[in-house]
Amino acid sequence: MANFLARRFLSSLISVIGATMAIFILIQFHSDPRQLFVPDSGYGISEEQWIALGDRMGLNDPLWKQYVTWMGRTLRGDLGVSLARDRAVTDLIKGKIGATVQLAVGGWIFAIALGIPMGVLAAVKRGTFWDYVGRGVAIVGQAAPPFVTALVAIWIFAVWLNWLPAGGRSPDFNWKEYILPCMALGWGAAASLMRLTRSSMLEVLDSEYIRLARAKGVAWNWVIYKHALRNALIAPVTSALLVFSGWLNGALVVEIVFSWPGIGYDALYRAVNDNDFPLLLGTVFIFILIYLVFATLADIAYTLIDPRVRLGNSAD
Amino acid sequence: MTTSETQGEVLHVDSSTLDSPLVRVKVKRSLIGKVWYVFRKYPVLPTFVLSMLILAAVIGPTVAPYERDIGVIGDRHLGLFESSKLPIEKQDAPKYGLWPAGFHLLGTDHIGRDEFTRVLHGARVSMQVVLVSLVVGMFIGVSLGVISGYYGGLIDEVITRIVDVWYALPFLMVALIVVLIFGRGLTVLLFVLALVAWAGFVRVIRAQILVLKQMDYVAAARVNGASDFRIMFKHLLPGILNTAIVVGTLNSSGLILAESVLSFVGAGIQPPTPAWGVMTNEGRDYLSIAAHQVLVPSAAIFLVVVSLNFLGDWLRDRLDPRLRQID
Chain A
1 MANFLARRFL SSLISVIGAT MAIFILIQFH SDPRQLFVPD SGYGISEEQW
51 IALGDRMGLN DPLWKQYVTW MGRTLRGDLG VSLARDRAVT DLIKGKIGAT
101 VQLAVGGWIF AIALGIPMGV LAAVKRGTFW DYVGRGVAIV GQAAPPFVTA
151 LVAIWIFAVW LNWLPAGGRS PDFNWKEYIL PCMALGWGAA ASLMRLTRSS
201 MLEVLDSEYI RLARAKGVAW NWVIYKHALR NALIAPVTSA LLVFSGWLNG
251 ALVVEIVFSW PGIGYDALYR AVNDNDFPLL LGTVFIFILI YLVFATLADI
301 AYTLIDPRVR LGNSAD
Chain B
1 MTTSETQGEV LHVDSSTLDS PLVRVKVKRS LIGKVWYVFR KYPVLPTFVL
51 SMLILAAVIG PTVAPYERDI GVIGDRHLGL FESSKLPIEK QDAPKYGLWP
101 AGFHLLGTDH IGRDEFTRVL HGARVSMQVV LVSLVVGMFI GVSLGVISGY
151 YGGLIDEVIT RIVDVWYALP FLMVALIVVL IFGRGLTVLL FVLALVAWAG
201 FVRVIRAQIL VLKQMDYVAA ARVNGASDFR IMFKHLLPGI LNTAIVVGTL
251 NSSGLILAES VLSFVGAGIQ PPTPAWGVMT NEGRDYLSIA AHQVLVPSAA
301 IFLVVVSLNF LGDWLRDRLD PRLRQID
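First to last, the sequence lines map onto chains A and B.
Numbered according to our numbering, the first sequence spans residues 1 to 316.
Numbered according to our numbering, the second sequence spans residues 1 to 327.
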């Protein structure tokens with residue numbers, strides 16, 4: 001286990017360094033960030049001010065030194081100052097990440113609550129009405145992009161039935177505002193969880209030991225929950241944890257559609273539009289960190305549920 | 001899945017054939033049963049939808065009844081199958097006389113442009129984007145997969161790590177950054193989507209090459225003095241072509257989704273070019289008064305992606321059933 005964690009940590013480190021470095025290099029292709037401080041005409045800034053600004057932002061150092069400086073500050077928990085808003089990046093992200101986490105957790109609960117029971121039901125009652133309902137959900141979930149699910153959900157529940165608000169997030173907690181965004185975000189994941197649960201459940205139900213359990217007279221429900229489900233859940237659980245990474249994509253779209261003040265919309269999207277590269281790097285860093293934590297958690301969960309899995313091999 | 005489904009269809013077994021080791025089961029079906037059988041066995045509907053897409057992409061813009069970017073503001077937000085209510089001289093005239101004057105098959109958008117025309121043009125945009133980025137991504141992904149699997153060692157380690165890092169990045173974030181740096185436009189979008197496409201090939205192809213390169217015929221080729229390049233692309237490549245085609249088909253639906261999401265967010269195709277994602281984004285402010293403006297392009301995206309998924313699954317089961325384990 002320790003060996004595995006060490007390897008995992010090392011490869012995560014490589015991922016973080018590789019990704020941030022790639023973005024660091026990419027950003028160099030773009031116009032000088034000092035341009036942001038200069039009016040369009042170029043009027044109002046002198047040569048000395050320009051150089052002083054470069055010194056203050058560390059732009060005169062060679063690229064590798066800028067990167068090392070950035071990494072050093074980041075490790076001390078300082079992600080720099082946003083260029084466009086003159087506030088600490090950590091503060092900006094801290095203020096927004098709560099909304100995104102709430103959205104992600106809500107969507108996750110929705111996905112698990114819909115996907116896994118649906119998958120079990122579809123497998124146990126295979127070939128019946130329930131199976132077809134489940135497969136329909138899976139097909140729609142896999143083929144509809146998140147903005148389509150979100151807009152159709154708004155159309156049905158906000159415009160047509162007028163049950164739920166169409167977007168926004170008020171400072172006070174209002175559970176109604178969470179339902180549609182979480183549903184839109186969780187739908188795709190629910191579909192893939194459902195498919196996975198169904199196929200692995202079918203595989204398990206077809207195995208010898210289930211037949212043995214049936215033959216010795218164990219009740220059918222008991223067989224399903226005690227013997228089959230535990231073994232069938234391995235793949236879905238791993239995937240349910242990994243799903244978090246994919247959500248950073250979905251969350252951005254869902255946040256835009258629902259005007260949700262989260263990290264995707266308020267930090268990433270605006271950082272890109274404002275050419276605010278400290279904020280951009282900070283957000284990317286946080287995103288990758290979240291992904292790697294969940295990928296590692298998924299691997300650990302995998303071994304806890306299924307002791308047969310040998311950790312050393314999972315990296316290959 | 002298939003065993004129990006075919007069991008139900010076995011109606012008549014000729015007893016004389018039972019002695020032979022290869023039992024050929026003859027199944028009798030009614031006409032509806034025959035049609036149903038064909039629909040289940042072959043991807044009829046997906047092929048139909050995709051042929052319509054290709055048709056729309058090739059001839060759609062030519063046969064489209066109205067101008068793509070010009071509308072009459074007085075005719076805005078007409079519903080499905082609705083005709084213009086303006087006096088005839090103020091209407092937007094169809095490009096040819098056969099089309100009923102002022103008739104809008106799929107309604108109009110917020111500035112009175114014909115939705116049907118724009119959906120047809122959007123089909124061409126989607127096709128172009130997917131074809132180009134898929135071919136580029138496939139070329140890069142397959143080459144890297146073959147090289148990585150064939151040489152092994154340090155090259156393999158580096159390529160595998162790059163793919164790992166790549167998978168650790170949310171693609172939308174990467175796309176936004178690339179668009180920020182290189183500007184918005186079709187070339188940049190194609191580049192971004194090729195970036196999305198390549199990684200999916202590398203691991204699968206690499207795994208296959210690892211098996212293939214142990215084969216005797218590869219050793220024989222090497223004994224004959226074939227160069228590495230020749231072995232890789234003359235002897236190994238044909239062996240992984242099926243896999244590449246299957247992965248390519250399964251990836252292409254992801255590319256359509258990616259293109260539509262990027263266009264929706266504003267980082268992809270730019271208005272007034274009618275990509276389906278752009279059309280959906282334009283319509284979302286009018287959801288309460290003209291929902292069709294969102295639903296029509298959404299339905300187009302959805303149908304194409306569903307069809308590609310089905311076709312991909314079918315091809316996989318046909319050409320390379322081992323790939324099933326991957327997802």
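The set of hints was computed from the structure by calculation and includes no laboratory data.
Note that the Cβ used here is the ideal one computed from N, Cα and C, for glycine as well.
Keep in mind that a hint or two might mislead.
Have a look at the derived ranges for each label pair, beta carbon to beta carbon [as the list claims (entries may be wrong)]: (1) A:Ile51 x B:Thr187: 31 to 41 Å; (2) B:Leu319 x A:Lys216: 13 to 23 Å; (3) B:Val158 x A:Leu289: 49 to 59 Å; (4) A:Asp206 x B:Phe39: 46 to 56 Å; (5) A:Gln28 x B:Asp216: 31 to 41 Å.
Which chain A residues stay away from chain B? Per the calculated CB distances, all over 10 Å, these [claimed, not checked]: (6) Ala6; (7) Arg7; (8) Ser11; (9) Asp55; (10) Arg73; (11) Val140; (12) Ile154; (13) Trp163; (14) Glu208; (15) Arg214; (16) Trp220; (17) Leu280; (18) Tyr291.
Which residues of chain A face chain B? A partial, calculated answer using Cβ under 8 Å [what the hints assert, rightly or not]: (19) Leu13; (20) Ile14; (21) Gly18; (22) Thr20; (23) Leu26; (24) Ile27; (25) Phe29; (26) Leu83; (27) Ala143; (28) Phe147; (29) Val152; (30) Leu252; (31) Val272; (32) Phe287.
Results of checking the hints against the structure:
1. For Ile51 (chain A) paired with Thr187 (chain B), a C-beta distance near 35 Å keeps the hint of 31 to 41 Å intact.
2. Between Leu319 (chain B) and Lys216 (chain A) the C-beta distance comes to about 42 Å, which lies outside the given range of 13 to 23 Å.
3. For the pair Val158 (chain B) and Leu289 (chain A), the beta carbons lie near 23 Å from each other, so the given range of 49 to 59 Å is not met.
4. In this structure the hint that Asp206 (chain A) and Phe39 (chain B) lie 46 to 56 Å apart at CB is violated, the actual value being about 26 Å.
5. The given range of 31 to 41 Å is broken by Gln28 (chain A) and Asp216 (chain B), whose C-beta atoms sit roughly 50 Å from each other.
6. Distance to chain B confirms Ala6 (chain A) as a non-interface residue, since its nearest Cβ pair spans about 17 Å, more than 10 Å.
7. Distance check on Arg7 (chain A): its Cβ is at least 12 Å (rounded) from any Cβ of chain B, clearing the 10 Å threshold; non-interface status holds.
8. Its closest Cβ contact with chain B, about 7 Å, brings Ser11 (chain A) to no more than 10 Å, contrary to its assignment away from the interface.
9. The beta carbon of Asp55 (chain A) sits about 24 Å from the closest Cβ of chain B, which is more than 10 Å, so the claim that it is off the interface holds.
10. The beta carbon of Arg73 (chain A) is kept farther than 10 Å from every beta carbon of chain B, the shortest such distance being approximately 21 Å.
11. With a least CB separation of 8 Å from chain B, Val140 (chain A) falls inside the 10 Å interface cut-off, contrary to its annotation.
12. With a cut of 10 Å on Cβ distances, Ile154 (chain A) falls inside the contact zone with chain B, its closest approach being about 6 Å.
13. The beta carbon of Trp163 (chain A) is kept farther than 10 Å from every beta carbon of chain B, the shortest such distance being approximately 14 Å.
14. Non-interface status of Glu208 (chain A) relative to chain B is upheld: no Cβ of that chain comes within 10 Å, the nearest being about 17 Å off.
15. No beta-carbon of chain B comes within 10 Å of the beta-carbon of Arg214 (chain A); the shortest separation is about 17 Å.
16. With a closest Cβ-Cβ approach of about 18 Å to chain B, Trp220 (chain A) is found to remain outside the 10 Å limit, as its non-interface label requires.
17. Some Cβ of chain B comes within 10 Å of the Cβ of Leu280 (chain A); the nearest lies about 7 Å off, and the non-interface call is violated.
18. In this structure Tyr291 (chain A) is not separated from chain B by more than 10 Å, as the shortest Cβ-Cβ distance comes to only about 5 Å.
19. Hint status for Leu13 (chain A): violated, given a least beta-carbon distance of 11 Å to chain B, over 8 Å.
20. Taking 8 Å as the C-beta contact cut-off toward chain B, the hint placing Ile14 (chain A) at the interface holds, the least distance being around 6 Å.
21. Interface restraint check for Gly18 (chain A): the shortest CB-CB distance to chain B comes to about 4 Å, inside 8 Å, so the restraint holds.
22. Below 8 Å, beta-carbon pairs count as interface contacts, and Thr20 (chain A) has none with chain B, the closest being about 10 Å; its hint is therefore violated.
23. Contact between Leu26 (chain A) and chain B, as hinted, is supported at the beta carbon level, the nearest pair being about 6 Å apart and thus within 8 Å.
24. Satisfaction of the interface hint for Ile27 (chain A) is found here, the shortest Cβ-Cβ separation to chain B being roughly 7 Å, below the 8 Å cut-off.
25. Hint on Phe29 (chain A) holds. Least Cβ distance to chain B is approximately 5 Å, under the 8 Å limit.
26. Of the supplied interface hints, the one on Leu83 (chain A) is violated, with its beta-carbon coming no nearer than about 13 Å to a beta-carbon of chain B, more than 8 Å.
27. Given hint, Ala143 (chain A) at the interface with chain B, holds; its Cβ is 4 Å from that chain's nearest Cβ, closer than 8 Å.
28. The beta carbon of Phe147 (chain A) is positioned within 8 Å of a beta carbon in chain B (closest approach about 5 Å), and the interface hint is therefore held.
29. The interface hint given for Val152 (chain A) holds, since its Cβ lies 7 Å from the closest Cβ of chain B, which is under the 8 Å cut-off.
30. Given the 8 Å rule on beta carbons, the hint for Leu252 (chain A) holds: about 5 Å separates it from the nearest Cβ of chain B.
31. Evaluation of the Val272 (chain A) hint against chain B yields a held restraint, the C-beta minimum of about 5 Å falling below 8 Å.
32. Residue-level restraint check for Phe287 (chain A) holds (minimum Cβ-Cβ distance to chain B is 6 Å; threshold 8 Å).
When the structure is compared with the earlier hints, violations turn up for hints 2, 3, 4, 5, 8, 11, 12, 17, 18, 19, 22 and 26 and for no others.
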